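Model the full structure from these sequences, guided by the hints.
If you read the protein sequences in the order shown, they are chains A and B. With the first letter of the first sequence counted as 1, position 1 gets the number 1 in this note's numbering; the numbers rise by one all the way through. Position in the second sequence (from 1) plus 1000 gives the number in this note's numbering.
Accuracy of the hints is not assured; some may be wrong.
Straight-line distance between alpha carbons at most 27 Å, and here's what the computed DSS-like set of lysine-lysine pairs gives [as the list claims (entries may be wrong)]:
1) K1166(B) / K1102(B)
2) K1079(B) / K1199(B)
3) K28(A) / K1079(B)
4) K28(A) / K1323(B)
None of these hints come from the bench; they were simulated from the model. A quick note: this is a predicted structure, and the numbers were derived from the prediction, not measured.
Chain residues, written in single-letter form:
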Amino acid sequence: MAVSIIDLCVNCFACEPVCPSHAISEAKPHFLVDPKKCTECEGDFPVFQCASICPIEGAILDSFGVAINPPGSLTGIPPEKMAEAMAELQSH
Amino acid sequence: MQLPVLNNTPSQAEHGAKGGCSASSCGTTDNQMDSLPDSIREKVQNHPCYSEDAHHYFARMHVAVAPACNIQCHYCNRKYDCANESRPGVVSELLTPDQAVKKTMAVAATIPQMTVLGIAGPGDPLANPERTFETFRRLSQEAPDIKLCVSTNGLALPDAVEELSKHNIDHVTITINTVDPEIGAKIYPWIFWNNKRIKGVKGAKILIEQQQKGLEMLIAKGILVKVNSVMIPGVNDQHLAEVSKVVKSKGAFLHNVMPLIAEAEHGTFYGVMGQRGPTPEELQDLQDSCSGDMNMMRHCRQCRADAVGLLGEDRGDEFTLDKIEEMDIDYQAAMEKRKVIHQAIQEEMDSKRLEKAVKAQQHQQEPKLTTRPVLMAVATSGQGVINVHFGHAKEFLIYEASPEGVRFISHRKADQYCGGDTSCGDGESVLQLTIRALAGCEAVLCSKVGYEPWEMLEAAGIAPNGEHAMEPIEDAVLAVYKEMAAAGKLDEKNEAVRANA
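Given below as structure tokens:
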């Protein structure tokens, strides 16, 4: 049972100091979770600490590989609105 | 309202002058600071971010040591970094405290005009207390002739005040966009607080309480506090006058209102959702009503969190990590050299300030015009003179001329936050965009104007003027104003003229 950080990570360091198990470390190209150390905050906090401060939707996955912060959940931007804006920009 | 004169008139505010107009003067910045206590005035009058004339002489730099953030703002996107980007919160290269100290000392030795070091991000400096404070601690010891500044969203501020008071901290900037949690919920979608992500009004309420508490604690410690606000039309624009009142009553020495920067390509909530920024006129109205008798920040360029150099320029490329690694800096020797140069700059600034004051006094003795005020745009690369070709101007300084004299109002970008494609956005040419940026101005003073822009400017009701090349800005603006008055152009109230200008 462990969370994982994927390549959407922007290396902002926010998660590293809040991990109660010191399971997160700086790495290239992005921060990584040591699955042997990660406890999913069991016994320390009722919510994942890393995923509670992470500003990037989809960057941290739970042990089933599901995004803990799905698209739109942090920025408040509806995913279809974001897709629309990005398509508009690419057409230029 | 009367024309202030350096050092021999009491503060304008004491004379009960109204709103932003009380800052009007030929002698710009010095007079605006007359109402400040001596201890504060001394700190700010040579600070490039506060003093309009000092920023032509002294430079500042930011070091990006603070990547983490503890809140989300709707005008910020942590993913973005582009070489053409110059928004706050954007950086190319993150530094360790050790690298930041090296870089600061390398820049200070190479650019002796660099007097101010700020930590502003790219996240929140106080959400990275170890990295931020180690940088401050070392610079206080190793480069004591550099002033230190820090910007924060305020959430972690109360816990940081004690540590901040131990270093060479010149002032703290808190970004306060609201004092109302309902409005806050429209600006801050969440905060990270006590090991939880807290959304909406509840999160905004905690943030606001922490900001206000931090402000009070800093004032109690005798640390200077500046408050920044982002003006977001339809969200907090009507509310910022209230914010201004609250923060000033608690002791903030300055309230700086900045325009929202929101473009879809930034990927921010406001950018994607089509929230517009304020027009130059809306911004100026609000700045006038918030600045009281001080408009010290009108030249703010909203620089990046890793900017190096004079305001509006960025020499960061000269000081990348691999380049500073090769530099061998003898800071003791550099400090000696810096001291001599700072003294020379100080003398030059003092003499220019005196010159301006004398001119202002002469102007006061001339028969007073009764004509309406006029806004003019000026193309300059600094040194206080008109010295840029219209087509080469990246920005214009906006001055107001009136019977009271000439005052600096703001700067407007000619190529709004984009250094790339010449026809980006909705297909307007750069020239059309530039002319649109000059809305409200009746003349543009530059060293030269080409034939095509000349015609387009005239068609837009802006008189092009290339007759004052290399002349001091205030003199030229006043001369053009007098010509307009003599030609009878200012007799009638012009609909286009701003009510309070």
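Give me the numbers of the hints this structure contradicts, sorted from smallest to largest. none
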